[in-house]
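> In the order they appear, the protein sequences are chains A and B.
According to our numbering, the first sequence is numbered sequentially starting from 279.
According to our numbering, the second sequence is numbered sequentially starting from 591.
Keep in mind that the hints were calculated from the coordinates and are not lab data.
Quick reminder that beta carbons are idealized off the backbone N, C-alpha and C, glycines included.
Keep in mind that the hints are not guaranteed to be accurate.
Pairs of lysine to any residue, SDA-like flavour, derived with a Cα cap of 20 Å [said to hold, decoys possible]:
hint, chain 1, residue 1, chain 2, residue 2
1, A, K554, A, Q416
2, A, K521, B, D657
3, A, K521, B, H621
4, A, K521, B, D787
5, A, K521, B, D626
6, A, K554, A, T518
7, A, K521, B, H625
8, A, K554, A, L507
9, A, K521, A, R549
10, A, K554, A, A436
11, A, K521, B, A620
12, A, K521, B, Q803
13, A, K554, B, Q803
Per the computed footprint, the stretches of chain B lying under chain A, defined by three or more beta-carbons under 8 Å from a beta-carbon of chain A, are [said to hold, decoys possible]:
hint, segment
14, 669-678
15, 704-713
Read off the chains here:
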Amino acid sequence: MSPSSPPVSARATSGLDLPPAGAPEPPGHPDGVHATARIRAAHNGRVTTLPQLHSDGPFHVRRMRTSGNTAMVGIIGAMSAPLGGDRLTLDITAEDRAELEVTTAAATLALRGPTTEAATYDVRLTVGEHARLRWLPQPLISAAGSNLRQTYTVELAATARLMLREEQLLGRADEEPGHLVSRILVHRAGRPLLDQHTAYGAPEPGWNGPAVLNGHRAVGQLLLVGPRLDIRRDPVLLGTGTKDGCAVLAPLADGPALLATAIAPNASTLRELLDKAHAHALNR
Amino acid sequence: MSRAALLLLADGRFPAGGHAHSGGVEAAVAHGAVHDTDSLEAFCRGRLHTTGLTTAALAAAAAGGHDPLLLDDAADARTPAPALRAAARRLGRQMLRAARAAFPSAELERLAAARPQGAHQPIVLGLAARAAGLAPVDAAHAVAYENIGGPATAAVRLLSLDPLDASRLLARLGPETDAVAAAASGAAARAMAEGIDVLPSASSPLLDIAAEQHAAWSVRLFAS
Chain A
279 MSPSSPPVSA RATSGLDLPP AGAPEPPGHP DGVHATARIR AAHNGRVTTL
329 PQLHSDGPFH VRRMRTSGNT AMVGIIGAMS APLGGDRLTL DITAEDRAEL
379 EVTTAAATLA LRGPTTEAAT YDVRLTVGEH ARLRWLPQPL ISAAGSNLRQ
429 TYTVELAATA RLMLREEQLL GRADEEPGHL VSRILVHRAG RPLLDQHTAY
479 GAPEPGWNGP AVLNGHRAVG QLLLVGPRLD IRRDPVLLGT GTKDGCAVLA
529 PLADGPALLA TAIAPNASTL RELLDKAHAH ALNR
Chain B
591 MSRAALLLLA DGRFPAGGHA HSGGVEAAVA HGAVHDTDSL EAFCRGRLHT
641 TGLTTAALAA AAAGGHDPLL LDDAADARTP APALRAAARR LGRQMLRAAR
691 AAFPSAELER LAAARPQGAH QPIVLGLAAR AAGLAPVDAA HAVAYENIGG
741 PATAAVRLLS LDPLDASRLL ARLGPETDAV AAAASGAAAR AMAEGIDVLP
791 SASSPLLDIA AEQHAAWSVR LFAS
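Next up, chain A with everything else stripped away, as it sits in the complex (with noise of 0.2 Å):
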């Protein structure tokens, strides 16, 4: 080895670092918050309705306007969150025939906070026969000094609906990003539908290079799962190249599913890769 590659840490691995499924929770730090959001909407045969809404620490959660048969969620910021040594749970529900949607007041900010532990972000969606879910936060920035591990858990049952985006920036303006490790795990039917590990910003090998983000400070994701989508298509390509931000909208191997993957030096950017995604998968 040249004394200027870098050392194999144990780091190297990190994909191995989160828990498996089932696995007590690590304490986490004595300073951190612990809490667990629930939001559950049911069917009562008519409309949806929200039988629990269960706000704790940093998420505040609202009933919002009704939007025909679809409640509307929205998740407010209380407090700072997630900081170093936090464990945060966000548990979401739509039961059978429900329709529900949530969103997030602002954008979740993951800051360093009181120790360099990480925090964890664990959000976990069930979606029931014939229900719906729209889970469209605001975007997850990863500040300079921060640690986080998000995992999204996702349950779908074989009629279930999903959409799901999920966009991550990598530092504020002009600053490097913290450490930012998700994994997203989605069954459907009891079949896993997609499952994927992503890990950025030091100390993490060669996320920054030309295989990984290629500098690129935004990447995000649009996941539609639903029987009555158009799965028969060729992948559609946003983008020329890679330098300005590109996307690609594709079926799953185990559909009815597409996923939208982009990425763009900045999160405006992001968000028209993936509108447009929408769009196309919407045949609009």
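Add chain B to chain A, keeping to what the hints say.
Quick look at chain B alone, frame taken from chain A:
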């Protein structure tokens, strides 16, 4: 175990079709992202720690006796880009033909019958390693190395790089390749007890996007 069997499986001359694929480096060269030895090394490092780790663990799990059809589904869930799924299955079909000749086994025959269009290549390699009496970590090594060896060789041809520089960078990535193979086989061992979801799913957005862009080219030197 036969160490010679591992060398054969990892040999670029083993007729498994790998030479026709660039591992995404052809697209990266076209975009100017890979243009010299340093940027090639950065590309290989990123690939090794993302798709390299994921595919090495799939191979190790297959070599360790995990159900290859469940692993094939897990590989699909970890490969959202259709062009990369197609490439993995095409390579798997070619490797299966070579592996059935070199290391005949009932498990390889069953996989060929169950997946006539080809299974994901790392799973075929893992089963071939198993048939040859190799350990899961051996299969992980072969796949982790192929994940950087393929792009490095392709880049030498695409950029007329000095092959000595390419060999030097592969040697420099040796310790990281070993670490990835060890992590992959460790995860595969845990998957036997804890289920398939503990297998790594490390991924890269740019490899997925660029693979679809590349597949849409009308003229290209490499199949992927």
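> Decide, hint by hint, whether the structure agrees.
Against the structure, the hints:
Between K554 (chain A) and Q416 (chain A), the direct Cα distance comes to roughly 17 Å. Compliance with the 20 Å bound is thereby established for this hinted pair. Between K521 (chain A) and D657 (chain B) the alpha-carbon distance is near 41 Å, which puts this suggested pair outside the 20 Å criterion. For the proposed pair K521 (chain A) and H621 (chain B), the alpha carbon gap of about 8 Å is at most 20 Å, so the pair holds. For the suggested pair K521 (chain A) and D787 (chain B), the alpha carbons sit about 34 Å apart, so the restraint of at most 20 Å is broken.
Distance check on the hinted pair: K521 (chain A) and D626 (chain B) sit about 18 Å apart at the alpha-carbon level, within 20 Å; holds. For the hint pairing K554 (chain A) with T518 (chain A), the CA-to-CA distance comes to about 14 Å; that is within 20 Å, so the pair holds. Distance hint between K521 (chain A) and H625 (chain B) is fulfilled; the C-alpha atoms sit about 15 Å from each other, no more than 20 Å. For the hint linking K554 (chain A) to L507 (chain A), the alpha-carbon distance of about 16 Å falls within 20 Å, and the restraint holds.
Proposed proximity of K521 (chain A) and R549 (chain A) is supported: the alpha carbons are some 16 Å apart, at most 20 Å. With a CA separation close to 27 Å, the supplied pair K554 (chain A) and A436 (chain A) exceeds the 20 Å bound. Under the criterion of a C-alpha separation no larger than 20 Å, the hint pairing K521 (chain A) with A620 (chain B) is consistent with the structure, at around 12 Å. Annotation: proposed proximity of K521 (chain A) to Q803 (chain B) holds, straight-line Cα distance about 13 Å (limit 20 Å).
Among the hinted pairs, K554 (chain A) with Q803 (chain B) is consistent with the structure: their alpha-carbon atoms are about 17 Å apart, no more than 20 Å. Coverage of the segment 669-678 of chain B by chain A holds in this model, with 6 residues showing a Cβ closer than 8 Å to a Cβ of that chain against a need of three. Counting residues of the segment 704-713 of chain B whose beta carbon lies closer than 8 Å to any beta carbon of chain A gives 0, which falls short of the minimum of three for the stated coverage.
Checked against the numbered hints above, the structure breaks hints 2, 4, 10, 15 and satisfies the rest.
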